[in-house]
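*Asks:* Taking our numbering, I'd label the letters of the sequence shown as residues 1 to 289.
It should be emphasised that the hints constitute simulated quantities derived from the structure, not laboratory data.
All figures in this text were calculated on a predicted structure; none of them were measured in a lab.
Glycine included, each C-beta is placed from N, C-alpha and C at the ideal position.
Mixed in with the good hints, there may be bad ones.
With a straight-line cut-off of 20 Å between C-alpha atoms, the simulated EDC-like cross-links for lysine to aspartate or glutamate are [stated by the list, open to error]:
1) Lys124 x Asp152
2) Lys77 x Asp66
3) Lys200 x Asp254
4) Lys124 x Asp145
5) Lys124 x Glu105
6) Lys200 x Glu190
7) Lys77 x Glu215
8) Lys124 x Glu83
9) Lys200 x Glu215
10) Lys77 x Glu281
11) Lys200 x Glu173
12) Lys200 x Asp129
Estimated spans, in silico, between C-beta atoms of each pair [what the hints assert, rightly or not]:
13) Asp66 x Val212: 42 to 48 Å
14) Arg21 x Val212: 25 to 31 Å
15) Asp152 x Gly34: 39 to 45 Å
16) Gly171 x Gln225: 33 to 39 Å
17) Glu190 x Leu22: 15 to 21 Å
18) Gly216 x Leu144: 25 to 31 Å
19) Ser107 x Gly217: 22 to 28 Å
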Amino acid sequence: MPGRVVVIGNAGLDLRLTVPRLPLPGETLIGSSGAWAPGGKGLNQAVVAARCGAPVCFCAPLGHDDGQADDIERHLKAAGIAELILPRLAHATDFSLLMVLPNGENSIVSTSACSLAMRPAHVKAALRDLLPRDVVLLQGNLPLDTTSYILDTVRRQGATSIFNPAPFWPGAENLVAHCSLVIANRVEAEQLGNAIHDAKAAIVTLGAEGCVLTEGGRRRSFPAQAVQAIDSTGCGDAFCGVVVAALVQGLSMDAAIAAAQKAAALTATRPGAFEALPSNEELQAILAA
């Protein structure tokens with residue numbers, strides 16, 4: 001019997017702007033193609049996992065600003081997520097500014113007061129009755145002590161934990177040894193340093209260069225699918241969401257990575273983050289291939 005995916009992280013709003021280059025200090029730069037969408041790494045990854053057909057529980061804090069928080073909750077209820085745990089905290093709902101360059105690369109600045117107010121008491125319901133076949137997925141948005149509490153709870157209950165340390169906070173390197181799997185991009189892997197090898201397994205994503213899996217003392221490379229990328233914003237979230245869903249559904253690590261690479265590549269061919277994520281039909285076809 002397949003397990004559940006439990007994603008504990010952040011949910012917010014994304015403002016995306018296309019820019020010719022990053023602004024210089026003190027410069028006002030005109031962007032184009034401005035658009036709002038639900039976002040947050042936790043939200044995106046939970047939506048992808050649900051679209052893959054996995055049963056998903058998503059736990060994330062929302063703010064006291066009912067308009068924005070209600071809009072995010074409406075999108076989540078329409079996403080086919082089996083269980084939503086969305087505590088309302090006394091902060092503004094988090095949001096991110098995504099600046100996308102002409103070559104598809106992006107820079108992101110996010111607020112985090114709401115997600116950094118997430119305490120262990122807010123996540124206990126999501127961790128109740130974990131089974132060994134369940135997989136818990138975390139990002140770097142939560143306070144380190146809350147992340148540590150989650151990882152310890154997952155380990156005690158015998159489930160699998162996946163940690164995507166984005167954004168990276170100093171101290172995250174001390175949590176890696178408690179993870180079943182770390183998924184980090186090139187920058188985050190450098191920030192983790194040698195600690196990344198403390199995890200049971202680690203995947204370093206390298207964009208168009210594919211990714212590298214280190215597991216059981218072996219290091220293996222996986223090529224990326226060649227596409228004409230226009231925006232890399234949601235690629236990492238698509239990758240993480242597919243990996244966790246594939247593992248819960250009983251696929252091997254190699255098969256999970258292959259499917260995640262295809263989903264990330266497809267995401268890169270579309271503008272935006274949430275809007276660019278592959279559909280239910282696309283993801284389930286990728287997993288069935």
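*Asks:* Confirm or reject each hint.
*Replies:* Status of the hints after comparison with the structure:
Between Lys124 and Asp152 the alpha-carbon distance is near 12 Å, which keeps this suggested pair within the 20 Å criterion. Only pairs whose Cα atoms come within 20 Å are accepted, and Lys77 paired with Asp66 is accepted, the gap being roughly 16 Å. A threshold of 20 Å between alpha carbons decides the hint, and for Lys200 with Asp254 the separation of about 15 Å falls inside it, so the pair holds. Only pairs whose Cα atoms come within 20 Å are accepted, and Lys124 paired with Asp145 is accepted, the gap being roughly 14 Å.
With a CA separation close to 37 Å, the supplied pair Lys124 and Glu105 exceeds the 20 Å bound. Distance restraint check for Lys200 and Glu190: the Cα-Cα separation of roughly 18 Å lies within the 20 Å cut-off, and the hinted pair is therefore satisfied. The hinted pair formed by Lys77 and Glu215 fails the criterion: a straight-line CA distance of about 36 Å is larger than 20 Å. At most 20 Å may separate the alpha-carbon atoms for a hinted pair to count; Lys124 and Glu83 meet this at roughly 14 Å.
Between Lys200 and Glu215 the CA atoms are separated by roughly 7 Å; this keeps the pair inside 20 Å, and the hint holds. Proximity of Lys77 to Glu281 is assessed by CA-CA distance (about 18 Å); at most 20 Å being required, the pair is judged to hold. Pair hint Lys200 plus Glu173 holds up; C-alpha atoms about 14 Å apart against a cutoff of 20 Å. Restraint check for Lys200 and Asp129: the C-alpha separation of about 23 Å exceeds 20 Å, so the hint is violated.
Restraint check, Asp66 to Val212: a C-beta distance of roughly 44 Å satisfies the suggested window 42 to 48 Å. For the hinted restraint 25 to 31 Å between Arg21 and Val212, the CB-CB distance of approximately 30 Å keeps it satisfied. For the hinted restraint 39 to 45 Å between Asp152 and Gly34, the CB-CB distance of approximately 42 Å keeps it satisfied. Checked against the hint of 33 to 39 Å, the pair Gly171 and Gln225 passes, with Cβ atoms roughly 35 Å apart.
The hinted range of 15 to 21 Å is satisfied by Glu190 and Leu22, whose Cβ atoms lie roughly 20 Å apart. Between Gly216 and Leu144, the C-beta spacing of about 28 Å keeps the proposed range 25 to 31 Å intact. A C-beta distance of roughly 35 Å is found between Ser107 and Gly217, which places it outside the suggested range of 22 to 28 Å.
The structure fails to meet hints 5, 7, 12, 19 from the earlier list, while all remaining hints are met.
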